[in-house]
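Got chain A sorted already, so can you dock chain B onto it with the hints?
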Amino acid sequence: MPVAIAIAALVLGSIAFHLFSPWWQTPIASNWGSIDSALDITLWICAIAFVSLNLFMAYALLRFHHKPGNRAHYEPENASLEKRLTFWTAIGIAGMLAPGLAAWSKYVNVPKDAAIVEAVGQQWQWAFRFPGPDGVLGTAAVKHMTPDNPFGLNPLDPFGRDDILVEGNELHLPAGKPVKMVLRSKDVLHDFYVPEFRAKMDLVPGIVTYFWMTPTVPGKYEILCAELCGIGHHEMRGTVIVEPPRQFAAWLSQQSTFGQIMAQASPTSLTALLANANGCIAPAENRGIY
Amino acid sequence: MATTIADDLKPLHHPKTWIGKYVWSQDHKVIAIQYSLTAIGIGLVALVLSVLMRLQLGFPGAFPAIQPENYLQFVSMHGMIMVVYLLTALLLGGFGNYLIPLMVGARDMVFPFVNMLSYWVYLLSVIVLVSGFFVPGGPTGAGWTLYPPQAISEGTPGHQWGIVTMLASLAIFIIAFTMGGLNYVTTVLQARTRGMTLMRMPLSVWGIFTASIMGLLAFPALFVAAIMMMLDHLAGTSFFMPAMQSMGQATRTVGGSPILFQHLFWFFGHPEVYIVALPAFGIVSDLISVHARKNIFGYRMMVWAIVIIGALSFLVWAHHMYVSGMNPYFGFFFATSTLVIAIPTAIKVYNWLLTLWRGDIHLRVPMLFAIAFIFTFIHGGLTGLFLGNVSVDVPLSDTFFVVAHFHMVMGVSPILVIFGAIYHWYPKITGRMWNETLGKIHFWITFLGVYVIYLPMHYLGILGVPRRYYALGETAFIPHSAHVANEVISLAAFVVFAGQFIFFYNMIWSYFRGPKADPNPWGAASLEWQTPDTPPKHGNWGPKLPVVYRWAYDYSVPGHARDFIPQNEPPA
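In the order they appear, the protein sequences are chains A and B.
The opening residue of the first sequence carries number 1 in my numbering; numbering runs sequentially from there.
The opening residue of the second sequence carries number 1001 in my numbering; numbering runs sequentially from there.
Looking at chain B on its own, in the form it has when it is part of the complex:
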């Protein structure tokens, strides 16, 4: 095979210093690790905030240090960190960066310098976000949705400075994401190795690719909303501020529309759900296929489902606003579009299950997490139908049912996938293997624990328990048993919280002491397992790029001795 321009290693500029290799690195793998560690680090802050919230909800009054303003700040920061700074950053900045070039057979992202910049700007956004904890008045307590007028009005914690750091951080994050997202999209379109057609790409790449395009289209809505609210707050404009009072005094604002902000926010916010979900869908498809030793069932349908979900997700945003006071006739359209999106989503679930059917299922830790994902995602997806179904949403909106639903579908589910993915690719990333027993203990605590947390929460919501309440107090329709349920939920949350340290211990210990890993311990067919070195070196492929001859799912092909055929194995 002739050497091509893509085989040339010189344009990669191998780093010469330690700082060039690990700090100002342009290697997508190092950037991926930087993104991941930063995201997990800030995610730990969100995790601690959730424990503080559960202390208050389970045992109201027992912790006088937690005042209403603190509670609302915990709620707001927890939500925003989890959705944007952990899940988006980890799935796209982390897994996107690591997996795309390796899975499509590229030496790196097409714009390595911009990729590096993306990480450092992301880090800046995290620092600005965290600075909110230290400004006068503390971080914003407006809820992660930051609805005006409340977000910038008296009576809301952090309405003076906390909201400024939050909006600034979001704007900076979006700049970082745009640099990363353009890179992911361009790399998938332009840097695939010979033979890697779009319809041979692993579904992980399809999920991350589609989510990146969606992010590039959706984040600008949040960006302008953040800038406009910043102007309302600092420059006295009235984009979102009507003629109103604040603490009994008329403000100088006039004519703005609070609902306009909600439209902009959810035009970003709903696609954001799928920006998180689609990479998770893709990754979990690959985990299931590899560990069931069976091709993903209905690959073409799976690709189309990802693309259709991505497109439809831009037409459903106002299902978050059925009781917002927008024109109620919108409800007919948005309920229909929302329930239609359930069809391609259901197809994905069927195909995961049909991949298991007649498979040769190895129940290793990554697979356990993938199975747990299917369970929690079915649960969370179905409760979404209640909330999408407009009139059914009316009694349920703004209750614990909503909290339980979105935690199941976009908290627990993607995080289970992330755990599965970390266990799955850890041997490739570090060259070492984690401890199986600790992995299983971590799995059982996490999977069973989250169900104890969230199943009862749905029922409290159906009862009518409102969300974002510092304390339920004496409320006639809330029986004593509901308060007991809140205690049990809190206790389960503390156990799940503690269980995560088993994971961190396992990962850190194995990095230094774990046994050396096989280059392809699971017998996976996709390209990232076929690198000449483990972990892969800068440039990924040594002197020659791989050539791809088949799709990523040749498992248990009849007539072959081995139960998988690597993508770069030539036809016999």
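Pulled out of the complex, with its shape left as it was, chain A reads as follows:
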């Protein structure tokens, strides 16, 4: 008997908790309202199932708990009831799946006009790269990485010369413009996660991953690493500042390009940098994916 009351109380308590708890999604700052709507629809369908199934159970326990002289009803199965339940469950499932898949098809189809920005992760910091005026990121590989070339850009790839390199964990993005975030890890798995953007994706060493979004609300947001990457995982933080395009352009113009950095490098450093570069640009490297 108390268990029936407890089940009902837990259901009502959960509803109250949902209504009054101070924790819900952060205010959205990207175009991914469709993900939030899919979540809301999923929540509503699941909430209806949660409340009705558990209240049904509480009622059954209340009504049919043992009293002297009681005897259970004998009914091995009821095919038509089972069919109806299956049907309505399938409807509910389809109701959540459709908006979920619709949002996903937007998520995987990057708009053609999306600007490319690269985020590079390593234990336990972030760096960023913009493609520069040519709009193409130069190829990069681990073998090119030296202290003066932490991004591992191929020094012989002309597309890389104008790439704008940003170290120090702070990324700026223009508001209102779609961005394809291209992700690369130098060492282990990481994950580029800004709660306000809703989107996230792992950084995987050896391959280049991506997602896209349009930051919509200017402001300062925290980048977290969302894939366990060792003892400093919880401290792998960065900042992304979304600002009006004019301010963004001003900020971008103050950053150095790979060409500028190479021009300032010492001769020994340049020798080291070129030591691993071969004459031709390997076609299999990253460009095809961009």
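What the hints contain is simulated information worked out from the structure, not anything from laboratory work.
Be a bit skeptical, because a hint or two may be false.
To be verified - Label-pair ranges, simulated between beta-carbon atoms: (1) A:L252 - B:G1473: 25 to 33 Å; (2) A:K106 - B:T1197: 48 to 56 Å; (3) B:F1501 - A:F56: 31 to 39 Å; (4) B:F1059 - A:G135: 47 to 55 Å; (5) B:Y1329 - A:L252: 30 to 38 Å; (6) A:D113 - B:G1255: 32 to 40 Å; (7) B:L1037 - A:T86: 40 to 48 Å; (8) A:I48 - B:K1516: 28 to 36 Å; (9) A:G69 - B:L1037: 41 to 49 Å; (10) A:G168 - B:Y1329: 32 to 40 Å.
Said to hold, decoys possible - Quick list of in silico lysine to aspartate or glutamate cross-link-like pairs, EDC-like style, CA-CA up to 20 Å: (11) A:K180 - A:E235; (12) A:K220 - A:E235; (13) A:K180 - A:E170; (14) B:K1537 - B:D1563; (15) A:K220 - B:E1474; (16) A:K143 - B:E1154; (17) A:K180 - A:E167; (18) B:K1544 - B:E1569; (19) A:K67 - B:D1563; (20) B:K1544 - B:D1533; (21) A:K220 - A:E170; (22) A:K220 - A:E243; (23) A:K67 - B:E1436; (24) A:K67 - B:D1360; (25) A:K106 - A:E170.
Nothing here was measured: the structure is a model prediction, and the numbers come from that model.
Backbone N, C-alpha and C fix where the C-beta goes; we use that ideal spot for every residue, glycine too.
Chain B in isolation, oriented as in the chain A frame:
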């Protein structure tokens, strides 16, 4: 009735010494107890680790002995122990061993020697696992998922030796499981007594049987992944290791795929969820039916649901990898297959509820746990739909929401079933009865406590609080109230932790001092309650095997004076 070959007791080789009876035992019941006690023992280690984690999460900085590396080691060992060494071992090695022969009317497993070997190899795997705590650098802190490159790279605790003991232990465990699993499957197929058709078996057997087949198909993926990672680590291969840096230095690896490991891991890992869940589904069906004095509603549908869930569970693994960087177009397929699996699962829930409907429900302790399971499983199952629904998973993955979801659905739910099952079969296993009041206190602390722990955790996850964080630190979007929630969750966890000792006290005290139990205290119809002795002796059935005339669910049949008819009672 004529005596058949199966009635012959001689091939059983009754043990002659104490060691033969209790240590190198080939009796499935003794092996079941050995498996269970070992699993619960190592489970206690995992329980203590969870308390240490909650100390850190609830009160960051208050315990300087817990450093980031320690925290990650607690996380990793807790997860692996709970999933593999406790839940899998206890539900299959423990309950599978005890229940299968008794429920299908066999004298023992068909390969008793292999069965014995299975336990001792399992024990070895546990010892190797525990040795990880004592090797230089301590156990692995790579998370229970052991993702490379991180698991074998600098910056991860235990990347040198801890990962070796973990991988070796897993490989040994899989050998043990294979010996046990082949036994369970063969026994169900070959050693059922006369009249025990497949469609008369209790759902517990169906759940354990299907889970064993799944284990035999899924564990090899983990086995090869463990061997390949071991080679990457010790022999310098590059199965999972791409060209990369480690602490700023280029490694010598080239060309491997970290995502390949994730596919192998989850090809095992997702069926593993159901390897744990299906035995729990089966057992809870029987508990509900017995204590509601009503046949399980829609038995045939329940059997098919178990089989369909088992089959579909091999087609959903990449829903753990929506944001892993695999080809994103896979998301469409895996979201669909994942949500489709919810249909047979929902049918199971409906049928449990419809079994209660118009029943004669006795709210004894095992039934209370079964009811609590229905509640937590509904909760955990529904939150799984959020995570399966691909785009909804994107903001939620790797947050506390995931932690809350999988603890509800495959931590709390199966453990509630295990508690219910222990209370339910304890009188048969020991011949004594536990204390009802202590059982109820244990129930209320556990059931209400876990909800206080996990309900708020979902909301922290929706807020965006990431998982596997040693400390949240000063993070702008995480308000002070979230830190308070973490404290409350920790306090609730400590209460639930303490409450478990009531259970252990009750079980141990009752074993020695409990009142003598009735051979069939719940009035159950299935075969294990009809043994000539309680506890059943070696060979289970005395001189004659039972003959089965009906299914396991003849409760409250109209026209019968008693409200149950044992499976071996001939038709009038």
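Okay, the hints, checked on the actual structure:
1. A:L252 - B:G1473: 25 to 33 Å: With a Cβ separation near 30 Å, L252 of chain A and G1473 of chain B satisfy 25 to 33 Å, so the hint holds.
2. A:K106 - B:T1197: 48 to 56 Å: This hint holds: roughly 52 Å between Cβ atoms.
3. B:F1501 - A:F56: 31 to 39 Å: Because 35 Å falls inside the window, the suggested range holds.
4. B:F1059 - A:G135: 47 to 55 Å: holds, 51 Å
5. B:Y1329 - A:L252: 30 to 38 Å: Given about 33 Å between the Cβ atoms, the range holds.
6. A:D113 - B:G1255: 32 to 40 Å: holds, 35 Å
7. B:L1037 - A:T86: 40 to 48 Å: The hinted range 40 to 48 Å holds for L1037 of chain B and T86 of chain A, with Cβ atoms some 41 Å apart.
8. A:I48 - B:K1516: 28 to 36 Å: violated, 49 Å
9. A:G69 - B:L1037: 41 to 49 Å: Holds: the Cβ-Cβ distance is about 42 Å, inside 41 to 49 Å.
10. A:G168 - B:Y1329: 32 to 40 Å: holds, 35 Å
11. A:K180 - A:E235: violated, 25 Å
12. A:K220 - A:E235: Between K220 of chain A and E235 of chain A the Cα gap is close to 18 Å, so the pair holds against 20 Å.
13. A:K180 - A:E170: holds, 17 Å
14. B:K1537 - B:D1563: violated, 28 Å
15. A:K220 - B:E1474: Between K220 of chain A and E1474 of chain B the Cα gap is close to 15 Å, so the pair holds against 20 Å.
16. A:K143 - B:E1154: Satisfied, since the Cα-Cα distance of roughly 19 Å is no more than 20 Å.
17. A:K180 - A:E167: holds, 19 Å
18. B:K1544 - B:E1569: holds, 14 Å
19. A:K67 - B:D1563: holds, 14 Å
20. B:K1544 - B:D1533: holds, 13 Å
21. A:K220 - A:E170: holds, 10 Å
22. A:K220 - A:E243: holds, 9 Å
23. A:K67 - B:E1436: Since the Cα atoms of K67 of chain A and E1436 of chain B sit roughly 19 Å apart, the hinted pair holds (cutoff 20 Å).
24. A:K67 - B:D1360: Measuring from Cα to Cα gives roughly 8 Å; hence the hint holds.
25. A:K106 - A:E170: Given pair K106 of chain A, E170 of chain A is violated - Cα atoms ~27 Å apart, limit 20 Å.
Checked against the numbered hints above, the structure violates hints 8, 11, 14 and 25; every other hint is satisfied.
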